[in-house]
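Peer 1: Given next are the chains, with one letter for each unit.
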Amino acid sequence: MGLICGHTVLQTDDKIGEMKPKMATVTIEKSDLDKLAEFTKNTHWLLEHVDNLRAEYPDRYIAVFDSGKQVLDAQTMEELTRKILEHARDPETCAIEFVTREPYLLII
Amino acid sequence: MTALVRIQILAVKGNHCFVTALFVCDHLSIKMPQRFIVDTGSVHTTLPETKARELGVNLDTLETYKVKLKMGGIGGGTNARMLGGVRLVFTATDNSSVEEQLQFVHVLRDPPTRNEDERKILATLPCILGLDIIRRFTLRFEEKNFAYFER
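As they're listed, the protein sequences go chains A and B.
The first sequence lines up with residues 9 to 116 when you count with the working numbering.
The second sequence lines up with residues 76 to 226 when you count with the working numbering.
Just so you know, the hints here were simulated from the structure itself, not pulled from any lab data.
Keep in mind that a hint or two might mislead.
Claimed, not checked - In silico DSBU-like links for lysine-lysine, alpha-carbon gap of 35 angstroms or less:
hint, chain 1, residue 1, chain 2, residue 2
1, A, K38, B, K88
2, B, K219, A, K49
3, B, K195, A, K91
4, A, K77, A, K91
5, A, K43, A, K77
6, A, K38, B, K219
7, B, K195, A, K38
8, A, K43, B, K219
Chain B extracted, bound-state conformation (with noise of 0.2 angstroms):
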């Protein structure tokens, strides 16, 4: 029987669930530590615009090559492209290392701000975690303040 990999989320009452992991994307030569919203009501795992440049993702590029996406939320509708050959290196609990490989992520574009206060909070938005990862494991919470991905 294979062992039990347990990933560790942070999961503090009155916030939103956040798991960390490398993002590495290959053929950009990109491998940087990222925060990721545990999100179930999203599809797909989709970087924010902001996120994407910081990680040297040139979204003008991507133009050139893109797989037209609509993407809407509460707040409203937006473009999206698609960023293909990602790889998400987790740690688990016992320090070993697991990594995901995604097809595609989408980088979703920032949508137009009201205000100074909005463009702030859209600068520090953190990546989010979907399903497409959220579904190869099992998502237990457990303790205080902390939840598990297990597999």
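If we strip away everything but chain A, and leave its shape as in the complex, we get (with noise of 0.2 angstroms):
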């Protein structure tokens, strides 16, 4: 039995009753890692600095390198995506953020 869920096909397995994607598997290198670490960098700072940066860069869009030694801005994200790019840095590291005037919570 099979029920399909976007691209993938999940299968039962009849001895466990239990459904699991079959499919081809993308391997993790030591590199996404280190990606994942550096994007957890920026984005810790990000969050622990948000009102400070409010002051500095209300209704930007920002992007956090470094752990917040680089902050690049811009009215727009497409602005944003090609400052980054210019700075040729990774956008899959960086942290990016919408700063709001006023602090900004929300309800999930």
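Each of the two chains sits in its own frame; use the hints to bring them together as a complex.
Peer 2: Encoded structure:
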């Protein structure tokens, strides 16, 4: 028995009745984990300093690199993406946020 | 006895709790670091539409094979799709990798926005880590600004 879910066909393992995806596997390299570590540092810095950033970059998109040593800002996401590439930085490792002028509490 | 696995969660006072992980979707060849809100109020791990598109998920293709879902919150309701075969790879405090498999995650259609500010906020809305992952760990709040997933 199979359930189509996105591109993936989930197959039932009859022995345990559990649905398991059948697919090719993406290999996780050391470089991927290094990217994650860099992304985590930038994200932590961003979240700890977002209130200070609000004064400097109100209503701007920002990208944080090198644990806050470099911050790029832009009016639009497209402009920010362009700046990131112009600075030859990896967009996957930076922390990106739209910094609202006033504090914004997300209710989820 | 198995050694304790600890994954650090950023829990700055006055803000949500966040954890980072490598989002991996094998059949779409996606692997990218992501920030997740740790949300015990969400049953399933969920991607907002904007984030899913950034990752390279084609929602139109998902619709072709969709299992229709309606999701609702305080702000209203929207449509959701299911994206199967997802792995989240966390880094533990001892630098080991912790891989968690999910049969599917929800991909949430962005709701209609009322103004430009809402649109911009939605554009950087993080992913949501739901109970499907959280329940696999003990959630422990410890020192200032940090919590931990432990197992």
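Peer 1: Sort out whether A:K77 lies within 35 angstroms of A:K43, counting only the CA atoms.
Peer 2: Holds, because 17 angstroms separates the two Cα atoms, which is no more than 35 angstroms.
Peer 1: B:K195 and A:K38: Cα distance at most 35 angstroms?
Peer 2: holds (34 angstroms)
Peer 1: Compare the distance between the alpha carbons of B:K219 and A:K49 with 35 angstroms, and conclude whether the hinted pair is satisfied.
Peer 2: Within the cut-off at roughly 17 angstroms; holds.
Peer 1: Is it true that the CA of A:K77 sits at most 35 angstroms from the CA of A:K91?
Peer 2: The given pair, whose Cα atoms are some 16 angstroms apart, holds under the 35 angstroms limit.
Peer 1: Is the Cα-Cα distance between A:K38 and B:K88 35 angstroms or less?
Peer 2: At roughly 33 angstroms apart (the allowed maximum being 35 angstroms), B:K88 and A:K38 satisfy the hint.
Peer 1: Regarding the pair B:K195 and A:K91, is the alpha-carbon distance no greater than 35 angstroms?
Peer 2: holds (18 angstroms)
Peer 1: Would the hint linking A:K38 and B:K219 be met if the CA-CA limit is 35 angstroms?
Peer 2: holds (30 angstroms)
Peer 1: A:K43 and B:K219: Cα distance at most 35 angstroms?
Peer 2: Roughly 26 angstroms between the alpha carbons, so the hint for A:K43 and B:K219 holds.
Checked against the numbered hints above, the structure breaks none of them.
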